[in-house]
Amino acid sequence: GENVEQHPSTLSVQEGDSAVIKCTYSDSASNYFPWYKQELGKRPQLIIDIRSNVGEKKDQRIAVTLNKTAKHFSLHITETQPEDSAVYFCAAVYQAGTALIFGKGTTLSVSS
Amino acid sequence: NAGVTQTPKFRILKIGQSMTLQCTQDMNHNYMYWYRQDPGMGLKLIYYSVGAGITDKGEVPNGYNVSRSTTEDFPLRLELAAPSQTSVYFCASSGPQRGEQYFGPGTRLTVT
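Going down the list, the sequences are from chains A and B. Counting from 1, position 109 in the first sequence corresponds to residue 108 in this note's numbering; the numbering is continuous, with no gaps. With the second sequence counted from 1, adding 1176 to any position gets you this note's numbering.
Simulated from the structure, these hints should not be mistaken for lab results. A few of these clues could be false.
The calculated SDA-like cross-link candidates involving lysine to any residue, where the alpha carbons are at most 20 Å apart (straight line), are [stated by the list, open to error]:
#1 B/K1220 to A/G40
#2 B/K1190 to B/R1284
#3 A/K36 to B/D1214
#4 B/K1233 to A/K36
#5 A/K56 to A/N66
#6 B/K1185 to A/R42
#7 A/K36 to B/P1215
#8 A/K103 to B/R1284
All values reported here derive from a predicted model rather than from experimental measurement.
Just chain B, with the same shape it has in the complex:
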């Protein structure tokens, strides 16, 4: 099993550009999550999904959108990138017990 994979690993965006961060898991987990981690800070939940077709906002959803058309994939869309979105983005998934969350390797995004 590859676990949780994310692409790209790194990306530099100009202000106002858009992009999609990809996340895929092969563990057949229903629950998937997107977090951002700013330097010296903990992880802040952006959006989460409890299953295909169902998504909900976390702590910091503004400026982001998600979709969940399949169990495996949970892409995060940034529209009109802003410098405040410079961060490391982690995708995670968890199984039916909603216990351990498995994290992807992260995407380091810089908006200039």
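With the rest of the complex left out, here is chain A:
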């Protein structure tokens, strides 16, 4: 069945460093790839997304890249800050665009 693999499961960086989280997906029909941030005890919130007709998208310190041929996409956070510490989930749409399948998450810790 459809699957989204996410790596690494944990990531520790120093404040100011960059962080990269990678995901691969199995459904070649997927055309929408969001990234969610979840702080402890809170709901997931969308931070950036990309559609399959675009290779890269940036929003201030956050960027997402997509390689449709290889079926993988990545989240890049530059100049990390302690408030970036959270769990990050990638996801891909499936079932004819009606639902999302999520990766297992990456716990990012940014130390100052």
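Following the hints, put chain B in place on chain A, whose structure we already have.
Coordinates of chain B only, in the frame set by chain A:
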């Protein structure tokens, strides 16, 4: 707009009991979803709905039922609660572009 609201916030059930988790959205979204999130795991789709009167199974539907009689409400029913249903349950909705999903605050359920 309140967005997506869920009740209750917390609940403890005994094995074999039943309950309904309530979810309401005021954004006039057609698409609504129920996820469960186990510790250290991503979100697993339980059921989803593409509009009033239409529901479909997700990845982990066993032990749950849903209904969608109105655009606003999408309750999740647990029959014969089991310890394996201990989890945090999130409801979400999305608009006509089937893009960003807006999550409710979650319901933390413990079955003992």
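Unsatisfied constraints (hint numbers, rising):
4
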